[in-house]
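Visitor: So for the sequence shown, our numbering puts the first residue at 1; every next one is plus one.
Hints are computed from structural coordinates only; laboratory data are not their basis.
Among the hints, erroneous ones may be present.
Stated by the list, open to error - So the derived label-pair ranges between C-beta atoms look like this: (1) F381 - G401: 17 to 27 Å; (2) R227 - R378: 29 to 39 Å; (3) R199 - L124: 27 to 37 Å; (4) G249 - V198: 40 to 50 Å; (5) G393 - L124: 40 to 50 Å; (6) A14 - I317: 38 to 48 Å; (7) L79 - A99: 38 to 48 Å; (8) P13 - Q280: 46 to 56 Å; (9) P220 - G291: 50 to 60 Å; (10) A314 - R199: 48 to 58 Å; (11) R10 - G252: 38 to 48 Å; (12) L188 - P70: 30 to 40 Å; (13) G393 - V198: 43 to 53 Å.
Note that this is a predicted model, so its numbers are computed, not measured.
Ideal Cβ placement from N, Cα and C applies to all residues, glycine included.
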Amino acid sequence: MNHPGNDLRRATPAGPVFAFTFANSLGTGVVTTGIYFLTTHAYGFSRAENYLLGVAQGITYVVAAFLAGPLVRGIRRNLRISSRTLLIGLMLIMAALCALPIAGAMISGQGRGSAWSIWATVSLYSPLTGLLWPLVESYLSGGLRGEALRSRVGWWNVAWSSALVVAYLGVSPLAESSATIAILALGLIHLGSIALLVRFPVEPPAHLDETPHTIPASYPALLTTFRVLLPASYLLMAAMSPYLPKAMGVLGVAAWMQMGLSAAWLLPRTLTFALLQQWQGWHGRWWHAGGGAVLLLGGFGATVLSAATVGGRAGLILMIAGLACFGIGLAVTYCGAIYYALEVGQSEVDAGGTHEALIGAGYTAGPAIGLAAAIGVRQGFLGEEAFEGVILGVATSVAVGAVLIVVRHSLHGHGHHREG
1 MNHPGNDLRR
11 ATPAGPVFAF
21 TFANSLGTGV
31 VTTGIYFLTT
41 HAYGFSRAEN
51 YLLGVAQGIT
61 YVVAAFLAGP
71 LVRGIRRNLR
81 ISSRTLLIGL
91 MLIMAALCAL
101 PIAGAMISGQ
111 GRGSAWSIWA
121 TVSLYSPLTG
131 LLWPLVESYL
141 SGGLRGEALR
151 SRVGWWNVAW
161 SSALVVAYLG
171 VSPLAESSAT
181 IAILALGLIH
191 LGSIALLVRF
201 PVEPPAHLDE
211 TPHTIPASYP
221 ALLTTFRVLL
231 PASYLLMAAM
241 SPYLPKAMGV
251 LGVAAWMQMG
261 LSAAWLLPRT
271 LTFALLQQWQ
281 GWHGRWWHAG
291 GGAVLLLGGF
301 GATVLSAATV
311 GGRAGLILMI
321 AGLACFGIGL
331 AVTYCGAIYY
341 ALEVGQSEVD
351 AGGTHEALIG
361 AGYTAGPAIG
371 LAAAIGVRQG
381 FLGEEAFEGV
391 ILGVATSVAV
401 GAVLIVVRHS
411 LHGHGHHREG
């Protein structure tokens, strides 16, 4: 029996969902992709330590995301709480974890002495985000289908991605001297976002299944394709992120500017999300998948090679251009992956969990490649000059494999369906 006043056929209001998403993306963005700037400059992490942190983060995230559906159902059944109450609980725990680094600094002093606190924060915070976003995605898409669903998802992408631009620009000046205060502030934002949950229904609205329900014949194949591209794109991002602080240092970028400069891929991603929301001619089109793959590979290669092979002002320009292309490619891939997942699948926590687990797979594999290369350099198996080559070669090989799958599906799609 439904909770009184909770109409499962009525979508959650867009404003509260977008505002809640924006607020929480400020924190999750910094603690995931942006954390390496803080660990490098505030805690003195080495390249290998940053990559090891990335591996730990990825493993905990993917396990939580993959098990999101069963975990949520088990918690609700055993503790007799609603999905909305579970979101409140997540906010409280994530806020508490954001206070751990400043507590660690008080106990063990600033810098290396309190590094344990950042390890604990990231390792515990990451799986909570793996539970958070599938839940939010079920509230986002429940009760909607067709054009309404496409519009909602499009603007949602703009909401969360724009939050990362704001977070990076805001936290960048604090990365070296006040990292613990910056993380604490993100925790306070988690607490404040609880007020937005008043407008959420107790449970996510049920996904509307039109009768008869028809989708273009190419959509299942496109979903499969983007489920290959999605982890490949996040593999590249996760391999690149721990590398950026050192590369920017080599290029002469001051520590307080580095995180802000990384917005060179965040801002183009947001703008591309907005463009793809306004113009929907990419739906069902195979060139959309192929173009995204090319932008990802080209942007990644330019970014990784900018410091090692070019250097100086030209290297910095190449890095910014590479980051911009990479951000556009990420947006193209992400839009396709979540759109087809929600259009073909059901709007339940499981559907969002599969999507997030694919992201987590990339989050894990990317740093694992970097960690292996960093250990090889430290142990003398590889020369320092070979590090970028290993990262670029292995990550690109995996991504090229994904691209070949895209091409095969694309040719198959053109041969059997005319929607794309």
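Visitor: Could you run down the list of hints and mark each one as holding or not?
Guide: For each hint, the structure was consulted:
About 25 Å separates the C-beta atoms of F381 and G401, a value consistent with the hinted range of 17 to 27 Å. Distance hint for R227 and R378: a CB-CB separation of about 35 Å, consistent with the stated range 29 to 39 Å. Under the hint 27 to 37 Å, the C-beta atoms of R199 and L124, about 28 Å apart, fit the expected range. For the pair G249 and V198, the supplied restraint of 40 to 50 Å holds, since their beta-carbon distance comes to about 45 Å.
Between G393 and L124 the CB atoms are about 34 Å apart, so this pair departs from the stated range of 40 to 50 Å. A hinted range of 38 to 48 Å holds for the C-beta pair A14 and I317, which are about 39 Å apart. About 24 Å separates the C-beta atoms of L79 and A99, a value inconsistent with the hinted range of 38 to 48 Å. Taking the beta carbon of each, P13 and Q280 are about 23 Å apart, not inside 46 to 56 Å as hinted.
As the Cβ distance of P220 to G291 is approximately 21 Å, the hint placing it in 50 to 60 Å is violated. Separation of A314 from R199 is about 50 Å and conforms to the stated range, judged on CB atoms against 48 to 58 Å. A C-beta distance of roughly 55 Å is found between R10 and G252, which places it outside the suggested range of 38 to 48 Å. Our hint of 30 to 40 Å for L188 and P70 holds, since their Cβ atoms are close to 32 Å apart.
Checking the proposed 43 to 53 Å range against G393 and V198 shows it holds: the Cβ atoms sit about 51 Å from each other.
This entry does not satisfy hints 5, 7, 8, 9, 11, going by the numbered hints stated previously.
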